[in-house]
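**Student:** The lines below spell out each chain.
Number of protein chains: 6
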Amino acid sequence: MGTVRLLSDDALSPEAQAVFDDIRAVRGSDFVNDFWRALAHDPVTLKATWERIKVVMAPGALDPLVKEMIYVAVSTANGCSYCIHSHTAAAKAKGMTPEMHGELLAVIGMAMQTNGLVTALQVEVDEVFKA
Amino acid sequence: MGTVRLLSDDALSPEAQAVFDDIRAVRGSDFVNDFWRALAHDPVTLKATWERIKVVMAPGALDPLVKEMIYVAVSTANGCSYCIHSHTAAAKAKGMTPEMHGELLAVIGMAMQTNGLVTALQVEVDEVFKA
Amino acid sequence: MGTVRLLSDDALSPEAQAVFDDIRAVRGSDFVNDFWRALAHDPVTLKATWERIKVVMAPGALDPLVKEMIYVAVSTANGCSYCIHSHTAAAKAKGMTPEMHGELLAVIGMAMQTNGLVTALQVEVDEVFKA
Amino acid sequence: MGTVRLLSDDALSPEAQAVFDDIRAVRGSDFVNDFWRALAHDPVTLKATWERIKVVMAPGALDPLVKEMIYVAVSTANGCSYCIHSHTAAAKAKGMTPEMHGELLAVIGMAMQTNGLVTALQVEVDEVFKA
Amino acid sequence: MGTVRLLSDDALSPEAQAVFDDIRAVRGSDFVNDFWRALAHDPVTLKATWERIKVVMAPGALDPLVKEMIYVAVSTANGCSYCIHSHTAAAKAKGMTPEMHGELLAVIGMAMQTNGLVTALQVEVDEVFKA
Amino acid sequence: MGTVRLLSDDALSPEAQAVFDDIRAVRGSDFVNDFWRALAHDPVTLKATWERIKVVMAPGALDPLVKEMIYVAVSTANGCSYCIHSHTAAAKAKGMTPEMHGELLAVIGMAMQTNGLVTALQVEVDEVFKA
Numbered sequence: 001m002g003t004v005r006l007l008s009d010d011a012l013s014p015e016a017q018a019v020f021d022d023i024r025a026v027r028g029s030d031f032v033n034d035f036w037r038a039l040a041h042d043p044v045t046l047k048a049t050w051e052r053i054k055v056v057m058a059p060g061a062l063d064p065l066v067k068e069m070i071y072v073a074v075s076t077a078n079g080c081s082y083c084i085h086s087h088t089a090a091a092k093a094k095g096m097t098p099e100m101h102g103e104l105l106a107v108i109g110m111a112m113q114t115n116g117l118v119t120a121l122q123v124e125v126d127e128v129f130k131a
Numbered sequence: 001m002g003t004v005r006l007l008s009d010d011a012l013s014p015e016a017q018a019v020f021d022d023i024r025a026v027r028g029s030d031f032v033n034d035f036w037r038a039l040a041h042d043p044v045t046l047k048a049t050w051e052r053i054k055v056v057m058a059p060g061a062l063d064p065l066v067k068e069m070i071y072v073a074v075s076t077a078n079g080c081s082y083c084i085h086s087h088t089a090a091a092k093a094k095g096m097t098p099e100m101h102g103e104l105l106a107v108i109g110m111a112m113q114t115n116g117l118v119t120a121l122q123v124e125v126d127e128v129f130k131a
Numbered sequence: 001m002g003t004v005r006l007l008s009d010d011a012l013s014p015e016a017q018a019v020f021d022d023i024r025a026v027r028g029s030d031f032v033n034d035f036w037r038a039l040a041h042d043p044v045t046l047k048a049t050w051e052r053i054k055v056v057m058a059p060g061a062l063d064p065l066v067k068e069m070i071y072v073a074v075s076t077a078n079g080c081s082y083c084i085h086s087h088t089a090a091a092k093a094k095g096m097t098p099e100m101h102g103e104l105l106a107v108i109g110m111a112m113q114t115n116g117l118v119t120a121l122q123v124e125v126d127e128v129f130k131a
Numbered sequence: 001m002g003t004v005r006l007l008s009d010d011a012l013s014p015e016a017q018a019v020f021d022d023i024r025a026v027r028g029s030d031f032v033n034d035f036w037r038a039l040a041h042d043p044v045t046l047k048a049t050w051e052r053i054k055v056v057m058a059p060g061a062l063d064p065l066v067k068e069m070i071y072v073a074v075s076t077a078n079g080c081s082y083c084i085h086s087h088t089a090a091a092k093a094k095g096m097t098p099e100m101h102g103e104l105l106a107v108i109g110m111a112m113q114t115n116g117l118v119t120a121l122q123v124e125v126d127e128v129f130k131a
Numbered sequence: 001m002g003t004v005r006l007l008s009d010d011a012l013s014p015e016a017q018a019v020f021d022d023i024r025a026v027r028g029s030d031f032v033n034d035f036w037r038a039l040a041h042d043p044v045t046l047k048a049t050w051e052r053i054k055v056v057m058a059p060g061a062l063d064p065l066v067k068e069m070i071y072v073a074v075s076t077a078n079g080c081s082y083c084i085h086s087h088t089a090a091a092k093a094k095g096m097t098p099e100m101h102g103e104l105l106a107v108i109g110m111a112m113q114t115n116g117l118v119t120a121l122q123v124e125v126d127e128v129f130k131a
Numbered sequence: 001m002g003t004v005r006l007l008s009d010d011a012l013s014p015e016a017q018a019v020f021d022d023i024r025a026v027r028g029s030d031f032v033n034d035f036w037r038a039l040a041h042d043p044v045t046l047k048a049t050w051e052r053i054k055v056v057m058a059p060g061a062l063d064p065l066v067k068e069m070i071y072v073a074v075s076t077a078n079g080c081s082y083c084i085h086s087h088t089a090a091a092k093a094k095g096m097t098p099e100m101h102g103e104l105l106a107v108i109g110m111a112m113q114t115n116g117l118v119t120a121l122q123v124e125v126d127e128v129f130k131a
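Chains as they are written, first to last, in the UniProt record's numbering: chain B, 1 to 131; chain W, 1 to 131; chain R, 1 to 131; chain Z, 1 to 131; chain G, 1 to 131; chain P, 1 to 131.
Simulated from the structure, these hints should not be mistaken for lab results.
We put the CB at the ideal spot given by N, CA and C, even for glycine.
Errors might be hidden in some of the hints.
[As the list claims (entries may be wrong)] Derived Cβ-Cβ restraints for the label pairs, each shown as a range:
| no. | chain 1 | residue 1 | chain 2 | residue 2 | range |
| --- | --- | --- | --- | --- | --- |
| 1 | W | Arg24 | Z | Ala93 | 41 to 47 angstroms |
| 2 | R | Ala61 | P | Arg5 | 50 to 56 angstroms |
| 3 | W | Phe31 | G | Glu15 | 55 to 61 angstroms |
| 4 | R | Val55 | G | Phe31 | 26 to 32 angstroms |
| 5 | R | Val55 | G | Asp9 | 23 to 29 angstroms |
| 6 | Z | Ala93 | G | Gly28 | 41 to 47 angstroms |
Given only the sequences and the hints, what does the whole structure look like? Please build it.
**Tutor:** Next up, the structure:
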């Protein structure tokens with residue numbers, strides 16, 4: 001599948017090559033996954049996406065593993081197969097145990113369920129919940 | 001709005017009353033929010049939902065605040081206004097600081113963005129990400 | 001709210017007026033709900049939508065009440081507040097009891113939950129399920 | 001694909017084995033589909049999901065075939081490929097004819113279309129539709 | 001995959017055959033893609049869908065290429081893999097350059113991101129934006 | 001509603017104030033809509049979002065009006081009320097006529113409908129559509 005071809009390293013523009021160099025340096029690995037190889041047709045969006053994701057997913061008030069699990073949660077609700085796979089793998093690499101994965105799934109399932117119930121019931125927001 | 005009326009305490013069936021009693025006991029508060037008052041028309045689903053959410057959101061391999069943030073993430077991707085409000089309030093009550101809220105939002109935004117990009121590109125999952 | 005103004009009867013084009021006449025005749029009621037008043041700015045889409053919905057929602061291999069419940073289910077998953085309200089009202093008008101409404105909600109919640117679980121798990125479709 | 005391995009029968013914990021036994025008994029078939037084999041890593045969620053789905057999908061005010069069609073409708077709006085396949089197969093097994101399937105699809109398509117139109121128009125809910 | 005079999009030309013009903021004839025005539029090509037072969041089990045929905053899409057996607061106040069890009073945008077947000085592939089191919093056939101494709105993707109990604117941010121923030125619509 | 005308070009001009013940090021200054025300069029208007037006032041609690045995300053949206057929505061291979069219509073399409077499929085209102089208003093300000101708006105809506109409705117049909121049918125992507 002794919003709506004564009006994947007670019008191998010020798011097909012990259014210099015701007016895209018610079019982003020790939022940074023991805024490799026930041027991750028400490030030569031492997032660059034196919035999302036970036038598809039996005040590399042547009043070096044401006046490639047660079048903007050990578051520069052922003054690098055900031056957003058870095059350690060901060062939330063730790064990187066929590067961020068990966070939030071990423072999986074959003075990607076699941078949106079049905080993005082690629083994103084679920086890549087960020088579940090990232091979460092495991094950052095220490096997500098099977099128990100944590102199980103609880104992540106249980107919370108996703110619970111949220112989906114009550115999203116459906118409250119939406120079908122069209123309950124108005126309680127005043128006390130408003131900022 | 002609402003597709004059913006909200007039930008006040010004196011309109012509850014005994015089965016629904018028992019669930020409300022447990023909600024109040026577990027939360028240590030007399031307040032019962034309107035989701036439960038809408039769901040109370042069906043005591044079986046009310047009880048099943050409450051019993052399960054009590055288990056799922058309890059401390060475990062993930063702490064309750066992380067679970068609330070995952071809940072907000074799913075609810076945002078599903079566009080469930082009520083759920084976003086109630087679980088953001090719950091997350092704040094469990095210690096989510098403005099900095100943590102800001103990072104939660106940033107991760108949600110980032111995930112939504114790359115969900116869109118990778119879906120539009122229809123990139124196949126890299127072999128290395130498969131379990 | 002609204003991204004267009006609602007058209008009152010005296011602001012309709014002759015083509016839109018003819019559709020409103022048919023809506024009133026088919027439903028046996030003078031009331032025309034606001035969806036049609038918003039859509040009436042574009043008489044071609046108004047007519048196409050009404051003509052098709054009249055066929056699709058008519059009695060057939062499935063009875064009209066079942067069709068309304070399926071409509072509510074889709075609208076809930078898509079988070080369309082207007083559609084949930086209007087088709088829940090239509091389902092009630094066609095005989096949906098509180099018990100049936102409760103079961104509709106329970107199935108929606110269950111489906112949402114397992115949609116989330118199986119999507120997060122990325123389970124491949126069993127061969128036996130393929131047509 | 002898959003973010004976890006599928007568990008074969010000899011890899012199940014005793015708690016998961018008990019759930020599989022009940023799935024087989026209730027369905028009157030030795031076949032257990034892969035959703036349950038993926039979920040079996042977390043016996044608590046496995047058991048909770050199975051126990052609830054057994055109640056929700058049983059005959060009640062709505063017949064099981066109607067419930068399966070509602071399940072397909074939600075799963076389609078959420079884009080859950082696995083769920084669409086498995087619940088379409090279940091609906092066929094419970095008597096869904098090609099004519100009923102065709103009407104199910106037509107209602108889903110119609111609902112999706114008007115969900116999009118009314119959402120883009122941002123029509124407010126008519127007072128008469130509120131419970 | 002598939003929840004119905006695909007119909008080859010010699011398995012079509014006369015009503016479905018007539019629609020296929022028109023698809024071929026309008027497109028000036030003998031190729032009929034598999035969406036129509038799956039939909040052909042229900043000639044009424046097949047005909048209604050084709051007749052409407054022919055009108056909607058024709059040149060008008062918006063040019064056909066713009067319409068194809070809007071189609072890709074909706075299909076991406078809904079995660080419809082088939083639709084993304086077929087309408088991206090149609091857009092390319094109507095003149096979408098790699099630069100235009102890149103900008104389409106960038107706008108989709110931006111919209112997804114701010115959809116997530118504003119939904120998580122639950123910002124009310126400014127008065128000035130209402131029609 | 002809202003999960004954070006909206007910040008008035010005198011409550012902005014210097015970093016947020018600088019972004020507001022640029023929004024006003026680029027738009028040639030003193031009005032700053034409430035999305036930015038909610039986002040201003042996190043000046044880093046505020047600035048990153050504004051800087052990127054400024055680039056993405058600028059004239060390029062696609063004209064700004066087309067980009068606004070694509071934005072509306074994505075926001076509709078995601079059910080983001082605020083985004084639909086604000087980007088429909090922006091599209092009108094950039095020249096979207098009622099006829100163009102009508103066609104935008106018709107394409108959105110058509111795409112939603114076939115997204116639902118093809119997803120329920122689970123049609124595999126034709127080889128000819130793959131890049």
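**Student:** Next step is simple, just say for each hint if it's right about the structure.
**Tutor:** Structure-based check of each hint:
no., hint, in the structure
1, W/Arg24 to Z/Ala93: 41 to 47 angstroms, "holds (44 angstroms)"
2, R/Ala61 to P/Arg5: 50 to 56 angstroms, "holds (54 angstroms)"
3, W/Phe31 to G/Glu15: 55 to 61 angstroms, "holds (60 angstroms)"
4, R/Val55 to G/Phe31: 26 to 32 angstroms, "holds (29 angstroms)"
5, R/Val55 to G/Asp9: 23 to 29 angstroms, "holds (26 angstroms)"
6, Z/Ala93 to G/Gly28: 41 to 47 angstroms, "holds (43 angstroms)"
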